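There are 2 protein chains.
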Amino acid sequence: MKLVSIGTVAFDTIETPYGKAERVVGGAATYISLAASYFTTDLGLVSVVGGDFPEEELKYMQKRGINLDGLQIKKDEKSFFWAGRYHNNMNSRDTLDTQLNVLADFKPKLPASYRNAKFLMLGNLTPEIQSKVIGQMNKKPKLIVMDTMNFWMDIAMPALKRTIKKVDVLTINDEEARQLSGEYSLVNAAKAIHKMGPKVIVIKKGEHGALLFYNNKMFYAPALPLAQVYDPTGAGDTFAGGFIGYLTQVNSTTFENMKRAVIFGSVMASFCVEEFSIARLKGLKKTAIKKRLKQFEQLTSFSM
Amino acid sequence: MKLVSIGTVAFDTIETPYGKAERVVGGAATYISLAASYFTTDLGLVSVVGGDFPEEELKYMQKRGINLDGLQIKKDEKSFFWAGRYHNNMNSRDTLDTQLNVLADFKPKLPASYRNAKFLMLGNLTPEIQSKVIGQMNKKPKLIVMDTMNFWMDIAMPALKRTIKKVDVLTINDEEARQLSGEYSLVNAAKAIHKMGPKVIVIKKGEHGALLFYNNKMFYAPALPLAQVYDPTGAGDTFAGGFIGYLTQVNSTTFENMKRAVIFGSVMASFCVEEFSIARLKGLKKTAIKKRLKQFEQLTSFSM
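Quick mapping for you: the protein sequence lines, in order, are chains A and B. Numbering-wise (the working numbering), the first sequence opens with residue 2 and increments by one. Numbering-wise (the working numbering), the second sequence opens with residue 2 and increments by one.
The shape of chain A in the complex, shown without the other chains:
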């Protein structure tokens, strides 16, 4: 297997200024795997769901090539649930409810076929679980990408830093980069995080794009300005999925390919936000992805 992703597979209830979606499919690993499945069909998912998770959604993932041998199904328990409300500007949100359910004592167990993957995507979960998954690999993957969030900085900073030390790429949003590093300038924040272990830092700035720090080199990918953003949920995970999906496809970790990976991450995220839940990520046409890629190319290209 080329790419293994871990993270939640869950239900979300989401309120945005454009409407409400009740108990729709969500979860970091869901978004990551769906986005990555447009770049590689040799990928597996590590997570846990309850008996309440719809079988047809799992079948759809499998149809897209996502191996689910690493997905534990606990028939008598309930799936992880999150409810949130976005503010008018869509850049901030309140958590209304969090029910850990099956996540409360999740012990990831990688199937043998997963343990030689060259690319490992650690979606947002407790840093201990992320660390455990690294430990279950037969050897260090070619690239480990880790996503995390402010929640773990608030309650588990030491464990978080131990996990960060083991990864090659950290994807994180701008506020989180500031919190983690104690530096306001993102340039200085990236330098400080670099010293914690990761060679590469990707700072996600939502509607303002993403910054890639690769040794002393910097790359800035804009987000595509959109007329309507219906639901930002999962945009960061979708970005991560497009990012590592592309790197898996080209089997490379050079700066030039990481730049392209950031663009593909942004392309996939730009689709994600156009509808609630994973609706827009289902059945995307290659031509639609190509067309949007073109828009990204035009958006920043200039000649002197």
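Hints in this document: simulated from the structure, not taken from any laboratory. Since this is a predicted model, take the numbers as computed values, not measurements. Every clue listed holds true.
Where chains are identical, the list cannot tell them apart; a pair therefore holds if satisfied intra-copy or between any two copies.
The list that follows gives simulated cross-link-like pairs (lysine-lysine, DSS-like), each with its CA atoms no further than 27 Å apart: (1) K192 to K295; (2) K192 to K291; (3) K140 to K162; (4) K206 to K295; (5) K119 to K166; (6) K64 to K75; (7) K119 to K60; (8) K287 to K218; (9) K206 to K21; (10) K166 to K141; (11) K200 to K292; (12) K200 to K295; (13) K295 to K283.
Chain A is fixed; fit chain B onto it per the hints.
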């Protein structure tokens, strides 16, 4: 004369997390003209100062080629004064003091040599004064660029809209674009503002760069991520100065040149914020501008 700029020439007292600068030189027309002077030496300034404004500063502007025949000096009065304090994130600020002084009854009077300028930059001032300056031109310039701010939207929206109707390009920050249009999405905001008159809208997003809307085309220029931003005062005006300065130099208003102009505006603004007041804009070397331009090119360039 090729380029005429109007706006304030003033004193600022500025507090940022990095320090305080008392009664230093500021003003929209100061920043605009200095930035533009790196692209054309056939430019003039329309403004008013009191007898308190230092002669050596005026001499420096003249040394840079800026014609001051349009600058009224009211010996017995005081220059416009603004005091502000920036918050930690540098993206928002509080106004601590505003003293109109000479601005209270400023009546711009364009010297005859100014009235055939092909490029007119209306820096932030009351919309009535901006309108009056357009009326004093012998014929419609090839390009009129207007900058404004939320203050006029709060107290003089009808007059503001009358002036906006007469200009080709409106430069405005993201929050102001939202306030002016009533649209949250910047894509929709630009469309709404387009209907108010301007063919081109440049939305300045501070550390997040700038968006150019040109008919149905879009261009995104990042801001250069900097380790230290000492003082954002005048960054928007400096951007406008670099923008119209470049267009004046190439005597063109095509999309390709507007894209380059946005990049040059961003280049000049990236210098502006590195020191208090106009310090960094003084005596910039051509090689420094070229080097930074290269950094902007590298920042967003990728190939697929």
